[in-house]
Amino acid sequence: MNVRMTVNGKDYSHEVEPRLLLIHYLREQLALTGPHVGCETSLCGACTIELNGRAVKSCAMFAVQADGAKITTIEGLASDGQLHGMQEAFWNEHALQCGFCTPGMIMTSKQILERNPHPTEEEIREGLSGNICRCTGYQHIVNAVKAAAVAAGK
Amino acid sequence: MATTITKVETLVGKRIRRREDPRLITGTATYVEDIQMPGMHYAAVVRSPHAAAKIRSINTQAASEAPGVVAVFTGKDTEKVGPVPCGASLPGLRVPHHHILATQRVYFVGHPVAVVVARDRYLAQDAADLVEVDYDILPAVTEPERALAQGAPAVHPEWPDNTAFNYHQDGGDVDKAFAEAEVVVKQRIISQRLIPTAMETRGVVAEWRAADRQLNIYTSTQIPHLVRTLVAGMLALEENRVRVITPEVGGGFGSKLNVYAEEALMGFVAQQINKPVKWIESRRENFLCTIHGRGHVDYYELAAKRDGAILGIKLKIIQDLGAYHQLLTPAIPTLSVLMMPGIYNTPNVRADIVGVFTNCVPTDAYRGAGRPEATHGIERMVDILADELNLDPAEIRLKNFVPQEKFPYQTATGLTYDSGDYAAPLKKALDIVGYHKLRQEQADLRKQGKWLGVGISTYGEICAIGPSPATPAGGWESATVKIEPSGKVTVMTGACPHGQGEETTFAQIVADELGVSIDDVLVIRGDTAIVQYGIGTFGSRGTAIGGTALYFALQDLKAKIRKFAALFLDSEDVTFSGGEVISNASGKSKSLRELAAASYRAMKLPPNTEPGLVATRFWEPPNFTFPFGAHIVVTEIDGQTGEVKIRRYVAVDDCGNIINPLIVDGQVHGGIAQGLGQALWEQAVYDENGQLLTGELMDYAVPKAHRMPWIESDHTTTPSPVNPLGVKGVGEAGTIGCSPAVVNSVVDALSPLGVRHIDMPLTPEKVWNVMAGRRS
Numbered sequence: 001m002n003v004r005m006t007v008n009g010k011d012y013s014h015e016v017e018p019r020l021l022l023i024h025y026l027r028e029q030l031a032l033t034g035p036h037v038g039c040e041t042s043l044c045g046a047c048t049i050e051l052n053g054r055a056v057k058s059c060a061m062f063a064v065q066a067d068g069a070k071i072t073t074i075e076g077l078a079s080d081g082q083l084h085g086m087q088e089a090f091w092n093e094h095a096l097q098c099g100f101c102t103p104g105m106i107m108t109s110k111q112i113l114e115r116n117p118h119p120t121e122e123e124i125r126e127g128l129s130g131n132i133c134r135c136t137g138y139q140h141i142v143n144a145v146k147a148a149a150v151a152a153g154k
Numbered sequence: 155m156a157t158t159i160t161k162v163e164t165l166v167g168k169r170i171r172r173r174e175d176p177r178l179i180t181g182t183a184t185y186v187e188d189i190q191m192p193g194m195h196y197a198a199v200v201r202s203p204h205a206a207a208k209i210r211s212i213n214t215q216a217a218s219e220a221p222g223v224v225a226v227f228t229g230k231d232t233e234k235v236g237p238v239p240c241g242a243s244l245p246g247l248r249v250p251h252h253h254i255l256a257t258q259r260v261y262f263v264g265h266p267v268a269v270v271v272a273r274d275r276y277l278a279q280d281a282a283d284l285v286e287v288d289y290d291i292l293p294a295v296t297e298p299e300r301a302l303a304q305g306a307p308a309v310h311p312e313w314p315d316n317t318a319f320n321y322h323q324d325g326g327d328v329d330k331a332f333a334e335a336e337v338v339v340k341q342r343i344i345s346q347r348l349i350p351t352a353m354e355t356r357g358v359v360a361e362w363r364a365a366d367r368q369l370n371i372y373t374s375t376q377i378p379h380l381v382r383t384l385v386a387g388m389l390a391l392e393e394n395r396v397r398v399i400t401p402e403v404g405g406g407f408g409s410k411l412n413v414y415a416e417e418a419l420m421g422f423v424a425q426q427i428n429k430p431v432k433w434i435e436s437r438r439e440n441f442l443c444t445i446h447g448r449g450h451v452d453y454y455e456l457a458a459k460r461d462g463a464i465l466g467i468k469l470k471i472i473q474d475l476g477a478y479h480q481l482l483t484p485a486i487p488t489l490s491v492l493m494m495p496g497i498y499n500t501p502n503v504r505a506d507i508v509g510v511f512t513n514c515v516p517t518d519a520y521r522g523a524g525r526p527e528a529t530h531g532i533e534r535m536v537d538i539l540a541d542e543l544n545l546d547p548a549e550i551r552l553k554n555f556v557p558q559e560k561f562p563y564q565t566a567t568g569l570t571y572d573s574g575d576y577a578a579p580l581k582k583a584l585d586i587v588g589y590h591k592l593r594q595e596q597a598d599l600r601k602q603g604k605w606l607g608v609g610i611s612t613y614g615e616i617c618a619i620g621p622s623p624a625t626p627a628g629g630w631e632s633a634t635v636k637i638e639p640s641g642k643v644t645v646m647t648g649a650c651p652h653g654q655g656e657e658t659t660f661a662q663i664v665a666d667e668l669g670v671s672i673d674d675v676l677v678i679r680g681d682t683a684i685v686q687y688g689i690g691t692f693g694s695r696g697t698a699i700g701g702t703a704l705y706f707a708l709q710d711l712k713a714k715i716r717k718f719a720a721l722f723l724d725s726e727d728v729t730f731s732g733g734e735v736i737s738n739a740s741g742k743s744k745s746l747r748e749l750a751a752a753s754y755r756a757m758k759l760p761p762n763t764e765p766g767l768v769a770t771r772f773w774e775p776p777n778f779t780f781p782f783g784a785h786i787v788v789t790e791i792d793g794q795t796g797e798v799k800i801r802r803y804v805a806v807d808d809c810g811n812i813i814n815p816l817i818v819d820g821q822v823h824g825g826i827a828q829g830l831g832q833a834l835w836e837q838a839v840y841d842e843n844g845q846l847l848t849g850e851l852m853d854y855a856v857p858k859a860h861r862m863p864w865i866e867s868d869h870t871t872t873p874s875p876v877n878p879l880g881v882k883g884v885g886e887a888g889t890i891g892c893s894p895a896v897v898n899s900v901v902d903a904l905s906p907l908g909v910r911h912i913d914m915p916l917t918p919e920k921v922w923n924v925m926a927g928r929r930s
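Protein chains in written order, with our numbering: chain A, 1 to 154; chain B, 155 to 930.
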């Protein structure tokens with residue numbers, strides 16, 4: 001089947017098998033390395049991307065379901081050599097160690113602030129609850145989201 | 155040119171954001187799965203669905219004929235490949251022959267039986283489902299104490315008692331201690347099987363360059379050089395023709411401190427098909443086939459005086475080994491024995507270990523590796539003793555700590571604790587948490603029928619593993635420092651950091667020693683063709699040993715630079731600062747870049763000095779290091795549901811000198827999260843047939859953000875005398891200190907019900923049942 005989508009501002013069109021997962025389309029057809037496969041069952045969130053403005057887990061969708069979609073992955077966040085505020089906050093707050101969950105974490109964290117620019121710590125933690133990090137204990141990730149919220153408010 | 159010497163700010167000790175992060179936060183880092191090669195094929199491994207069975211036959215015909223399939227291999231094809239290695243040796247140890255693919259029998263669910271290779275991953279998986287294996291199913295045993303019982307199914311038919319080894323260690327005079335005891339407390343304590351669950355599963359890409367007889371293996375490991383040596387042996391290849399590259403590693407926690415069947419298997423496949431091959435472990439496979447951790451049933455006895463002075467400890471460990479030995483499987487419980495006295499001044503110990511085969515995936519090193527089990531045990535026992543004697547758990551600890559004047563302290567288990575001030579973190583933590591007020595509040599709440607608990611754990615641990623005589627494959631670490639002709643500094647470390655941040659902390663050390671900008675320093679790791687032989691990252695050794703090797707290499711390099719300074723300035727007595735080498739006598743200076751260029755240009759050389767600025771050191775540590783700390787956890791138990799809520803978590807850790815406090819905080823938080831996972835939620839559960847019931851993230855409850863408490867982290871600083879940096883290590887401290895503090899807190903909350911012990915994990919169901927049983 002043919003799919004067309006806009007990924008990180010570029011238009012793509014490919015013939016794909018109906019069963020091809022969106023994460024495999026992004027990683028293998030488009031050679032993106034940001035979204036990661038951590039569990040194949042939508043539980044860990046390492047594959048989180050933005051699809052038509054919503055954070056979604058790309059391992060739980062077929063590529064054909066994303067036909068016509070506008071997608072942003074972690075690779076599309078920085079612009080003109082400037083990191084996105086959430087990337088900068090993750091860096092400043094040491095919100096990552098091995099980095100494997102990080103692209104998904106950043107995409108989810110960005111969505112948390114888009115929905116609620118001034119979240120409480122509890123709201124941040126709830127918002128992150130679909131993404132698993134095994135390294136950080138989440139505290140520095142929570143700090144990063146708080147810091148990004150403050151920076152965005154300035 | 156004369157310059158004024160200005161004091162330049164040092165970087166060691168500063169909260170510097172990490173230099174490895176830009177690639178990670180932009181999604182441009184390369185993990186194994188990101189590697190693509192022309193002509194690359196994909197492998198899918200066919201695994202046993204049974205925990206114990208004989209293989210009657212394997213029919214691969216349908217799989218071989220499936221679309222896109224280029225090859226199918228079974229145990230018959232790989233029989234000549236050497237066994238998966240066990241690096242541990244114990245007297246009388248029984249070592250089952252661990253083929254990379256099963257030959258006659260399978261011993262656990264997930265045991266690899268065949269491998270299917272196809273041109274894409276979907277086709278490989280399709281074809282794997284077509285491999286028909288005819289099994290003769292046998293009874294299985296998954297619980298170690300059951301495996302020791304008469305008539306239990308034999309995991310390996312040649313050893314019907316399921317016993318891999320017995321180990322005994324005595325220190326002091328235990329019998330006398332117990333004879334003189336005024337009180338003896340006993341408890342059976344379980345440290346349950348855990349699943350390490352690194353977010354990146356394992357993965358291997360193997361590429362065979364036939365004309366060069368060169369095998370390149372990309373693998374997600376903590377120990378690239380050891381993988382090279384051992385896989386070369388398994389495949390009967392010359393070691394220098396195997397190159398192991400460890401790209402970004404998405405978490406290890408001990409689970410990648412190993413050599414796995416698939417690493418050799420992919421090398422074998424690449425040689426057979428003469429094309430690159432990729433295998434990426436699924437999460438399901440990761441749960442079934444990557445090592446598990448812990449798996450202890452411990453029987454403790456503590457002998458004491460009525461004033462709380464501990465006289466002696468007896469410990470019997472039943473260690474669930476699983477079906478095979480992986481790299482260090484049998485060695486892990488011996489670390490528990492070393493650590494069994496904790497930080498208490500206890501001269502008399504007796505330990506026995508029974509290593510037991512079960513029809514489960516092998517256990518091996520998981521964050522803390524033996525020390526969390528020992529710490530959980532002794533810290534629970536000290537609380538049980540305090541309860542028996544009606545003493546305050548803080549007071550009984552203060553009474554029994556190894557006193558400061560006794561360092562270096564010889565333990566009854568044969569260790570020499572390097573330095574310590576054990577009361578300091580406890581007092582600090584008690585102060586931070588407001589201990590005495592909490593006890594008052596607890597008394598008030600009890601009158602209202604509410605359950606508040608305060609739990610203390612004062613842990614010690616063994617880090618910087620370790621001196622070579624104490625490790626199976628050498629316990630040193632290596633570092634090379636090169637000052638390039640342009641003055642830029644390149645470090646190659648044999649430690650293979652994978653999230654611990656040594657690209658930053660090592661650069662901080664270099665920047666301070668050479669007086670250069672941190673931006674001029676590059677740290678390279680994880681490629682056996684580039685980096686000199688090294689051991690790897692595990693056992694909280696990266697900075698304490700790898701950093702020390704780097705420190706000594708820098709001293710060698712500075713000595714050489716001083717010779718060039720004498721030639722081009724006027725003195726060997728120089729200061730390294732601001733990228734300049736400055737004569738302390740005259741104030742004259744030359745840039746490090748100029749001296750580096752001169753050393754390579756070699757128009758003029760100092761006497762008896764070779765060109766170039768490169769130094770390599772292999773540093774053998776004279777001892778382990780012994781960090782310590784105190785964690786205090788305040789819990790509230792919901793009497794209706796049994797749910798444990800953590801109100802406060804105070805962690806005061808002493809890891810010696812700190813190079814980067816930001817990174818240390820991260821290590822403490824992450825360690826505590828894994829300790830909390832064990833204490834409250836995580837457990838690998840096999841049913842009686844050997845099926846893993848917690849085989850997905852849906853069923854195996856790793857901590858998530860909304861379940862984690864805020865961690866109040868603080869430190870005391872007792873430098874280690876073992877290395878010149880004064881560092882001890884911090885990677886495992888949080889995990890080791892955490893679980894007993896949580897369980898002690900919950901047991902403390904429920905002590906009015908007469909509860910003295912609950913085994914982990916403290917799920918609401920378990921806590922509710924304990925409470926219901928006591929109330930009725």
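No lab work stands behind these hints: they were computed from the structure.
The reader is advised that the hints may include incorrect statements.
[Unchecked claim] Taking beta-carbon pairs under 7 angstroms as the criterion, some of the chain B residues facing chain A (in silico):
| no. | residue |
| --- | --- |
| 1 | 757 |
| 2 | 858 |
| 3 | 862 |
| 4 | 863 |
Since we're looking at a predicted model, the values are computed, not measured.
Glycine residues also receive a C-beta, built at the ideal position from the N, C-alpha and C atoms.
Cross-check of the supplied hints:
no. : hint : verdict
1   : 757  : violated, 42 angstroms
2   : 858  : holds, 5 angstroms
3   : 862  : holds, 5 angstroms
4   : 863  : violated, 9 angstroms
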